[in-house]
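Undergrad: From first to last, the protein sequence lines stand for chains V and Z.
By my numbering, the letter at position 422 of the first sequence is numbered 422, and the numbering carries on one by one without gaps.
Take any residue in the second sequence, count from 1 to its spot, add 1000: that is its number in my numbering.
The hints are simulated quantities; they were obtained by calculation from the structure and are not laboratory data.
Quick caveat, the model's predicted, so the values are computed rather than measured.
Straight line, CA to CA, 25 Å or less: simulated SDA-like cross-link-like pairs of lysine to any residue:
| hint | chain 1 | residue 1 | chain 2 | residue 2 |
| --- | --- | --- | --- | --- |
| 1 | Z | K1248 | Z | D1192 |
| 2 | Z | K1390 | V | R255 |
| 3 | V | K64 | Z | D1003 |
| 4 | Z | K1316 | V | L10 |
| 5 | V | K400 | Z | Q1320 |
| 6 | V | K390 | Z | T1102 |
There are 2 protein chains.
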Amino acid sequence: MADLITPRTLSGFRDYLPDVMLAREKVLDTARRVYRSYGFTPIDTPACESLDVLLGKGGDESDKLVYRVLSARGDKAEMGLRFDLTVPFARFSAQYINQLGTPFKRYAMGPVWRGERPGQGRYREFWQCDFDTIGTTSNASDIETALVVNDLFTALNFDTFEIRINNRLLLNGLLELKGLADKAVPLLRSLDKLPKIGREKVIEEMVKEAAVTAEQAGTVLDLAETTGPNAEVLDRVEAFFAASPNDKAAEGIRRLRELLAVAKAAGVPDGRIKIDLSICRGLDYYTGTIYETFLTDLPGIGSVCSGGRYDNLASKYTKQVLPGVGASLGVDRLIAAMEELKHPWLTGQTTPAQVLVVNFDAARLGDYQRIASVLRSAGVSIEVYPEAKKVGQQFAYAEKRGFKLAVTAGPAEFEQGVWKVKDLAKREEATVPEAEVVAKVKAVLQ
Amino acid sequence: MADLITPRTLSGFRDYLPDVMLAREKVLDTARRVYRSYGFTPIDTPACESLDVLLGKGGDESDKLVYRVLSARGDKAEMGLRFDLTVPFARFSAQYINQLGTPFKRYAMGPVWRGERPGQGRYREFWQCDFDTIGTTSNASDIETALVVNDLFTALNFDTFEIRINNRLLLNGLLELKGLADKAVPLLRSLDKLPKIGREKVIEEMVKEAAVTAEQAGTVLDLAETTGPNAEVLDRVEAFFAASPNDKAAEGIRRLRELLAVAKAAGVPDGRIKIDLSICRGLDYYTGTIYETFLTDLPGIGSVCSGGRYDNLASKYTKQVLPGVGASLGVDRLIAAMEELKHPWLTGQTTPAQVLVVNFDAARLGDYQRIASVLRSAGVSIEVYPEAKKVGQQFAYAEKRGFKLAVTAGPAEFEQGVWKVKDLAKREEATVPEAEVVAKVKAVLQ
Chain V
1 MADLITPRTL SGFRDYLPDV MLAREKVLDT ARRVYRSYGF TPIDTPACES
51 LDVLLGKGGD ESDKLVYRVL SARGDKAEMG LRFDLTVPFA RFSAQYINQL
101 GTPFKRYAMG PVWRGERPGQ GRYREFWQCD FDTIGTTSNA SDIETALVVN
151 DLFTALNFDT FEIRINNRLL LNGLLELKGL ADKAVPLLRS LDKLPKIGRE
201 KVIEEMVKEA AVTAEQAGTV LDLAETTGPN AEVLDRVEAF FAASPNDKAA
251 EGIRRLRELL AVAKAAGVPD GRIKIDLSIC RGLDYYTGTI YETFLTDLPG
301 IGSVCSGGRY DNLASKYTKQ VLPGVGASLG VDRLIAAMEE LKHPWLTGQT
351 TPAQVLVVNF DAARLGDYQR IASVLRSAGV SIEVYPEAKK VGQQFAYAEK
401 RGFKLAVTAG PAEFEQGVWK VKDLAKREEA TVPEAEVVAK VKAVLQ
Chain Z
1001 MADLITPRTL SGFRDYLPDV MLAREKVLDT ARRVYRSYGF TPIDTPACES
1051 LDVLLGKGGD ESDKLVYRVL SARGDKAEMG LRFDLTVPFA RFSAQYINQL
1101 GTPFKRYAMG PVWRGERPGQ GRYREFWQCD FDTIGTTSNA SDIETALVVN
1151 DLFTALNFDT FEIRINNRLL LNGLLELKGL ADKAVPLLRS LDKLPKIGRE
1201 KVIEEMVKEA AVTAEQAGTV LDLAETTGPN AEVLDRVEAF FAASPNDKAA
1251 EGIRRLRELL AVAKAAGVPD GRIKIDLSIC RGLDYYTGTI YETFLTDLPG
1301 IGSVCSGGRY DNLASKYTKQ VLPGVGASLG VDRLIAAMEE LKHPWLTGQT
1351 TPAQVLVVNF DAARLGDYQR IASVLRSAGV SIEVYPEAKK VGQQFAYAEK
1401 RGFKLAVTAG PAEFEQGVWK VKDLAKREEA TVPEAEVVAK VKAVLQ
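Next comes chain V alone, as it looks inside the complex (with noise of 0.2 Å):
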């Protein structure tokens, strides 16, 4: 016999067992829903792009971690696997828009491959769920994603949620009014970190990278860590620009109050949206309104659902401007909130069937499928036990998988032509009619 081959996954890899693949599938589902429910259409583009759709113009971080393909019995690596959603819409924009036309609202779902150091809740192959809207820089399309992102979550079932936002433009007007404009890449990167690293620890890189003094840098988190409520907020820095008018902080401030008042228009729940002027996000790219949701109950996983406007996506492959906003969901840092939440979709059930059709007698398959059928017709899942094994193995069978009804008929039973409804939770057993199972089937499951 051939030596064996021991059955492992990659390092950085994962497998997706039926428990979590169950919750998976019900928030992509869910995604799906709320996205389509806004009129986004969905879009894929392959795994694989050339390199140089890919990368950027080389010596980018990110370059490092796209992985390479050989090509089809060659060994040049001409293509790679793509590092997310958004360069491949770039792409995809550039290609086809005036055959789509604009505003061209899409989202898109799939893996997505970076070869970093993988660690605790870190993956090479990771999910995420993007949507975005393109052809527009109408204010409205940002609000939506906000509108978004909060049914987004609340169809999650988390009603203890934060949506944080900012407007770049806001942020560049203040560095603008304290005379540290031509400063911002480095000192937006170090704000940043905020979260991570504290407020004295960015002072000190913002001192060190972009050659400001500590107190410049402290007056910089002064203005990034003002707080309270968000009319207060928009309040004080518009009272900054009251000696000194600044347009792009004036648009700012424009812009997040009108987000303010739809949403609220909208039903959106008062402390839903925080305007939160230390939220930066991804330096060059975003140029707009920004977003980051963090979860209440657990803000150490960071933000689960980030994005912002841009003023231009396809500007690589094409000079068509194409300014868009959008955000994207990280699927699986999401599930693993949801597993140290104990989220309800989490149910240990393994398997996506309600009902178990017991197997007494072999023979008897023909009866087991066609009340499988029935119930199957009313909308109800079944799974039909495939051998005729000791009755107490197929409960347990049942019990282990998560099933929550037993369907059984022994002769007895088919001699009367009734069948047995078993409740497996409650231990509960009624004896029905054929006629009458889909009815007490829909009663016992609610």
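Please build the complex by placing chain Z on the supplied structure of chain V, with the hints as guidance.
TA: Quick look at chain Z alone, frame taken from chain V:
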């Protein structure tokens, strides 16, 4: 300005644009729903596997098709992209079956990659959608496989299709009867080509590859080409064995007869399942029942859902014997068929939303999002146009995308607290109070 990179997909890879993607999502949702209704549970495995897990013992034709992936930051090809969902499932089963228990019924959906020469409708990345029952040799699972395929294509809105089945036990028994058992491999490999190359060429190939006489080859084909009603075909095969009974063939016939009887009891329409003795499929892998599914209106496209029973799924990775049975839906081939058949799911629509809220006045965004929110809560997908462009432009957008309804309100309507609900196809418009918008929209959408 930097040089632009031409946006393009790699040869053999494709993008899914909204119209086709909407249909693909419907296909995948349907498969998921049907698989689940029988108790198949989802799992997922990574795109990348170790090369030793992925490849055969070397020299296999399929090994040449595997895309090698370079290790992160390295230059060693130690992993590859999966070329089907069966090899990863075999590895997965060996790894977790003791934890999961048997019987284990799983489905898996996702892309697979093959470095083949691309052709019309043949891509290097394509989606598969598999379901399997492992850990049991029971014919109940073989039968259920046919029931699932029947329910699947019915749910996919096909009513003229045929599930052709056979059993390798029966084929092997026939070859034993004719003294050709030792030539089964080359004979069945040639027989598999019958629909593509025709009888004469199959005989030629059998003579050449299996070193049989043209007469012997002709006899094999006579048997394989036995046609007629299912019962008659099985009766005739049984008659062949009257003089020299063969255990394998008897078991094959018994299993096929039971399949037909149970399928009838479960409500499968007459003529849907057809015994076809020429169906033989992947030579070494399958050992029992085999399945191919043909669309009656488009037989030329070949089988769109195929599978069979196998003796031992995971023998490369474990000594534990894991018999199983399952089938795989070829999603891209099915969608190609749907395009050719003008399947009703390919509507030309490019939005999943039904209703567009026309944007008359950007300052009214709160009202637009309020009415949208009310409709969304009632299960209606609804998009708010993001800019206060000319109404004609917004209606043109709605028609191009395929929205069914528009909801509009100008200053006069806001004054009266009413909305206009316009059927875009019929060009009929009704004016209703805000409290009646949901009922009106639902009525127009039926």
